[in-house]
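Starting from the structure of chain A, add chain B where the hints point.
Single-letter residue listing:
Number of protein chains: 2
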Amino acid sequence: MPIIHIDPVRYPKVVIALGGNALIRPGEAGTLEEQRRRISAAMAHTADLVTAGFAAVITHGNGPMVGQLLLQMECARATVPPMPLFMCDADSEGSLGYLIQQCLVNELHRRGQERGVATVVTQVVVAADDPAFNFPDKPIGPFYSEVEATRLKTERGWHLAEDAGRGWRRLAPSPRPITIVEQKIIAYLLDGGIIVIAAGGGGVPVIRLPNGEFRGVEAVIDKDRASAVLAAEIRANLMISLTAVEYVYADYLQPGQRPLKTLTAAEARKYLEEGQFAPGSMAPKIESALDFLARGGARVLITQAEKLPEALQGRTGTHIFP
Amino acid sequence: MPIIHIDPVRYPKVVIALGGNALIRPGEAGTLEEQRRRISAAMAHTADLVTAGFAAVITHGNGPMVGQLLLQMECARATVPPMPLFMCDADSEGSLGYLIQQCLVNELHRRGQERGVATVVTQVVVAADDPAFNFPDKPIGPFYSEVEATRLKTERGWHLAEDAGRGWRRLAPSPRPITIVEQKIIAYLLDGGIIVIAAGGGGVPVIRLPNGEFRGVEAVIDKDRASAVLAAEIRANLMISLTAVEYVYADYLQPGQRPLKTLTAAEARKYLEEGQFAPGSMAPKIESALDFLARGGARVLITQAEKLPEALQGRTGTHIFP
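For the protein sequence lines, the chains are A and B, in the order given.
Counted the way our numbering counts, the first sequence spans residues 1 to 322.
Counted the way our numbering counts, the second sequence spans residues 1001 to 1322.
Next up, chain A with everything else stripped away, as it sits in the complex (with noise of 0.2 Å):
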């Protein structure tokens, strides 16, 4: 399959997730103004995506902004009430969304472009009786020593798991993402031109409740995931996910490492279930990929923030296909 010039008017709507290193990168402390900095470079790159007429939603990570929240709260514990994780998660889509909003704008402004940017609060509903439930596995906030995790293990009956000899650090369950609350609001601002910030750190995790009421969950939803969910359910047509890498590999930091251009989604199965992909990483991407084309999608691409231009040339970057 030959790769083309990704044209706006095959693939008119888009989502776009940013993982956590167009973010923050390691080493780096986190100031506003270091963040402030890599989401320009994406938003940079966003913002021509736009001018040259795809409809976009913009998904992203909060990884390390819910650490820094839980250390926060642990710290001021004895005089503040701390709040659940999926506040948390409400926190940063409400403080990224903004960061991110404001510097698309300005990068649009420098275009010439004045398009509204709305960050849209997203719920994603997950099932209570999901078995991620009984099997926390996502590591989040900071680490603890050994006697520290057997006294929260009995005090807050939280899930502890000792991480790459670093400490022991709280475990998050990590359902599936079901449909987005908010999926009809953000199709809509999409027909009207606006582009749309949503499902920040997967989103707020919320059950139904037998009466049909939504209630916050303890949870960890995988960006990845929500957005597929997202793509699909706002019939978007072409997925890009930005991450540390230009490529998706197989043999990946192997003697035979290569890179993997172009995909059919059987393809990209075979490599999974060869377990070629890491898990908690390249993994889910791979399955939010192929789950989206499954349900509809045209079009994935897998690339690293900086060479989005190029890629959406179709010089780089792993492009999968139904």
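Errors might be hidden in some of the hints.
Said to hold, decoys possible - Derived list of chain A stretches under chain B, where covered just means 3 residues or more per stretch with a C-beta under 8 Å from a C-beta of chain B:
1) 30-38
2) 95-109
3) 114-120
4) 177-189
The set of hints was computed from the structure by calculation and includes no laboratory data.
Virtual Cβ for every residue (Gly too), placed ideally from N, Cα, C.
Here is chain B on its own, set in the frame of chain A:
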């Protein structure tokens, strides 16, 4: 002027400003369950209003929540770089927006109404040369000892003042809101039958740089003033301000205290000029009401959240007309 039943045909578009006391009350620790209970009660009335046919935008305060966040950030500042005030505003737009939208969706669901509710993270433009930046007067965050206050003044250039014998507090500037960046998006959502939560905590204060870009500034915008600007810009007909008192009073807490049931703008202005309304409390609400009415608003209602149903029947609350 006779008090009439408030008719959604006559006043189709309403902005409802929730005061801090619709979210948290003095003496409450501010746990999530306490906040949820308060917000659900206010949203029950709002759901009735929406069911009756009003198109509604909800704005809200965030004082107690930002106070808690500032305390948490202060506590962990040795390990996590604290964020500026405007990022705290953005955080609270996310988390309070989430709580309000979920409570409202649930209350609407109980009434058989499946309506879209969207929280839009809102930026509010202030003037870079607003005189308030030279005279910070809005107390925020935790109380400090005199020794700490002196240190913070030197180390961080904060303005601090002694607060009624309770300790020293940081003072933030409170510039006038000029315009709402997301006003067209909010109006578009309303046109689509979606209920909008916006300008939480008065919105994130931003200035416009000489190159046309937006940038956050260290300030706090009065929630009622921001609500009035938003209400005027989206051409709302009615503004409802939910606060701690059933009525606006003349000679408040004096021997001759009397409720003001209906007022013309001219009458309200006269009372305001007489100094009848407390600065930082009722005065900005009345100023905001007058601003809204001068810019085309048709009616303002000021009352307690729990009195809203009766007030909509015209049986209580203070009603102000042009």
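Task: Verdict on chain B covering the stretch 177-189 of chain A, criterion of 3 CB contacts below 8 Å - done: holds (count 6)
Task: Verdict on chain B covering the stretch 95-109 of chain A, criterion of 3 CB contacts below 8 Å - done: Holds, because 9 residues of the stretch 95-109 of chain A bring their Cβ atoms closer than 8 Å to Cβ atoms of chain B.
Task: Cβ contact check, 8 Å cutoff: the stretch 114-120 of chain A against chain B, three residues minimum - done: Since 4 is at least three, the answer is holds.
- [ ] Test coverage of the stretch 30-38 of chain A by chain B using CB-CB distances below 8 Å; three residues minimum.
- [x] holds (count 3)
This entry satisfies every hint, going by the numbered hints stated previously.
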